[in-house]
Amino acid sequence: AQSVTQLDSQVPVFEEAPVELRCNYSSSVSVYLFWYVQYPNQGLQLLLKYLSGSTLVKGINGFEAEFNKSQTSFHLRKPSVHISDTAEYFCAVSRTGANNLFFGTGTRLTVIP
Amino acid sequence: DAGVIQSPRHEVTEMGQEVTLRCKPISGHNSLFWYRQTMMRGLELLIYFNNNVPIDDSGMPEDRFSAKMPNASFSTLKIQPSEPRDSAVYFCASSFTGIGHNEQFFGPGTRLTVL
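Chains as they are written, first to last, in this note's numbering: chain D, 18 to 130; chain A, 41 to 155.
Errors might be hidden in some of the hints.
Below, computed lysine-lysine pairings styled on DSBU-like, alpha-carbon distance capped at 35 Å [said to hold, decoys possible]:
# : chain 1 : residue 1 : chain 2 : residue 2
1 : A       : LYS118    : D       : LYS66
2 : A       : LYS64     : A       : LYS118
3 : D       : LYS66     : D       : LYS86
4 : D       : LYS75     : D       : LYS86
5 : A       : LYS118    : A       : LYS108
6 : A       : LYS64     : D       : LYS75
7 : A       : LYS108    : A       : LYS64
8 : D       : LYS66     : A       : LYS108
9 : A       : LYS64     : D       : LYS66
Here are some chain D residues the structure puts well away from chain A; computed CB gaps all over 10 Å [what the hints assert, rightly or not]:
#  : residue
10 : GLN27
11 : SER101
12 : PRO130
Simulated from the structure, these hints should not be mistaken for laboratory data. Every residue, glycine too, gets a C-beta built ideally from N, C-alpha and C.
Kindly generate the complete structure, drawing on both the sequences and the hints.
So, in structure tokens, the structure goes:
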């Protein structure tokens, strides 16, 4: 089975500072990896995904993530955050070609003016 | 495309009443998922369907919960009887499942309050 660990439940960061949200996964088979964002009172929205190929994946809103197979990690980064990035971020994993995703517990990013 | 559509967006009911949540997936998608989100337990997968067939319902809390997908464009999640601890936001998501194509698209959610 697959599982995801998001090490930080809350991350406060000042506006225009860089941020990294950590995600580690566990799986004995090949996986797909995803980051979703949830703004207040909304559903989850896909930020980016890793399926295969280049380990550096770029997503919407200036976010990127790097797949590191040896460290079983898929950390999310942004070089300069905005107030509008304040939201909950979820990392998710699935077995390649499988139906369901396994979500982490989420990291609440708060951008401080 | 309108995305995943859920109704109602908000539901307030009294303990013991039946509650039905509705979902219309994105056209062409072959998998549908029901999630529940609470502060205490986070995001939980309740059940998912593939080609209208329930594949895994191990996340359904108890017999009070039931889900159906009579066709590719409609699904319901029913709670009968409802209890205050069922208060949560319920999300429906859909995806086209295949090699390289299984990201899920979420609806806006139904906020359920059971008094």
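message = Run through the hints listed earlier and report the numbers of any the structure violates, in increasing order.
response = none
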